[in-house]
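A.B. asks: The residues making up each chain are set out below.
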Amino acid sequence: AQKVTQAQTEISVVEKEDVTLDCVYETRDTTYYLFWYKQPPSGELVFLIRRNSFDEQNEISGRYSWNFQKSTSSFNFTITASQVVDSAVYFCALGGGADGLTFGKGTHLIIQP
Amino acid sequence: DAGITQSPRHKVTETGTPVTLRCHQTENHRYMYWYRQDPGHGLRLIHYSYGVKDTDKGEVSDGYSVSRSKTEDFLLTLESATSSQTSVYFCAISSPTGELFFGEGSRLTVL
Numbered sequence: 552a553q554k555v556t557q558a559q560t561e562i563s564v565v566e567k568e569d570v571t572l573d574c575v576y577e578t579r580d581t582t583y584y585l586f587w588y589k590q591p592p593s594g595e596l597v598f599l600i601r602r603n604s605f606d607e608q609n610e611i612s613g614r615y616s617w618n619f620q621k622s623t624s625s626f627n628f629t630i631t632a633s634q635v636v637d638s639a640v641y642f643c644a645l646g647g648g649a650d651g652l653t654f655g656k657g658t659h660l661i662i663q664p
Numbered sequence: 002d003a004g005i006t007q008s009p010r011h012k013v014t015e016t017g018t019p020v021t022l023r024c025h026q027t028e029n030h031r032y033m034y035w036y037r038q039d040p041g042h043g044l045r046l047i048h049y050s051y052g053v054k055d056t057d058k059g060e061v062s063d064g065y066s067v068s069r070s071k072t073e074d075f076l077l078t079l080e081s082a083t084s085s086q087t088s089v090y091f092c093a094i095s096s097p098t099g100e101l102f103f104g105e106g107s108r109l110t111v112l
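Just so you know, the sequences run in chain order L and E.
Take any residue in the first sequence, note its place counting from 1, add 551, and you have its number in our numbering.
Take any residue in the second sequence, note its place counting from 1, add 1, and you have its number in our numbering.
Just chain L, with the same shape it has in the complex (with noise of 0.2 Å):
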């Protein structure tokens, strides 16, 4: 079975700082991607990164990075210079097969302003 941790439920930062999103998760699958989805106070849920298994690069988008650790099973999530925009609960995710994803229970992420 597979299962993704979160084990930060709310976290709560002052603008312009620096916030990571932890992310743990449990495969026996040799090949399978990872996401993070962004979920604001509106209810709707975006689509951040996918991320394959085969690929450990580091990705950086705008504000935004992404560090995947095949050795620690972890896919962390930083945004940089925090804004009040970035307010959100955020959500790691695994799979890709036909099965949909497993979803992470999320991180509740409070940007004061």
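To be clear, the hints were calculated from the coordinates, so they are not data collected in a lab.
Quantities reported herein were computed from a predicted structural model and do not represent experimental measurements.
Accuracy of the hints is not assured; some may be wrong.
As the list claims (entries may be wrong) - Calculated cross-link-like contacts (lysine to aspartate or glutamate; reagent style EDC-like; alpha-carbon spacing at most 20 Å):
id, chain 1, residue 1, chain 2, residue 2
1, L, K656, E, E80
2, E, K58, E, E80
3, L, K656, E, E60
4, E, K71, E, D57
5, E, K58, L, E610
6, L, K656, E, E105
7, L, K589, L, E610
8, L, K554, E, E100
9, L, K589, E, E105
10, E, K54, E, D74
11, L, K589, E, D39
12, L, K554, E, E60
13, E, K12, E, E105
14, E, K54, E, E28
15, L, K656, E, D74
16, L, K554, E, D39
17, E, K54, L, D650
Knowing the structure of chain L, use the given hints to seat chain E on it.
C.D. replies: Here is chain E on its own, set in the frame of chain L:
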């Protein structure tokens, strides 16, 4: 916009009544999913479909059934709603590269 619409968006019903949620896609994707979201549980898979009339159970399928008679429509039915099925329900489609794109959600309250 992933071309997914859910209906109804909000529904209040009473225990024991049947409820059907509809998911409609305009993307012609093969795979469709129903998830429920509850505080402290994240998103959990209820059922999924890999084609017309082809469906399978997810992690929390008890009390739910699904049907897919057309590629574009995936229906989720609660035969006899219970208070534990109060939740936000999300439909999703899968892109060819594996990421899911979600509808806007349907908030169901069972009194």
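A.B. asks: If a hint holds in the structure, say so; if it does not, say that too.
C.D. replies: Hints, one by one, checked against the model:
no. : hint             : result
1   : K656/L to E80/E  : 27 Å, violated
2   : K58/E to E80/E   : 16 Å, holds
3   : K656/L to E60/E  : 14 Å, holds
4   : K71/E to D57/E   : 16 Å, holds
5   : K58/E to E610/L  : 34 Å, violated
6   : K656/L to E105/E : 19 Å, holds
7   : K589/L to E610/L : 17 Å, holds
8   : K554/L to E100/E : 17 Å, holds
9   : K589/L to E105/E : 13 Å, holds
10  : K54/E to D74/E   : 11 Å, holds
11  : K589/L to D39/E  : 16 Å, holds
12  : K554/L to E60/E  : 12 Å, holds
13  : K12/E to E105/E  : 14 Å, holds
14  : K54/E to E28/E   : 18 Å, holds
15  : K656/L to D74/E  : 28 Å, violated
16  : K554/L to D39/E  : 17 Å, holds
17  : K54/E to D650/L  : 16 Å, holds
Checked against the numbered hints given earlier, the structure breaks hints 1, 5 and 15 and satisfies all the rest.
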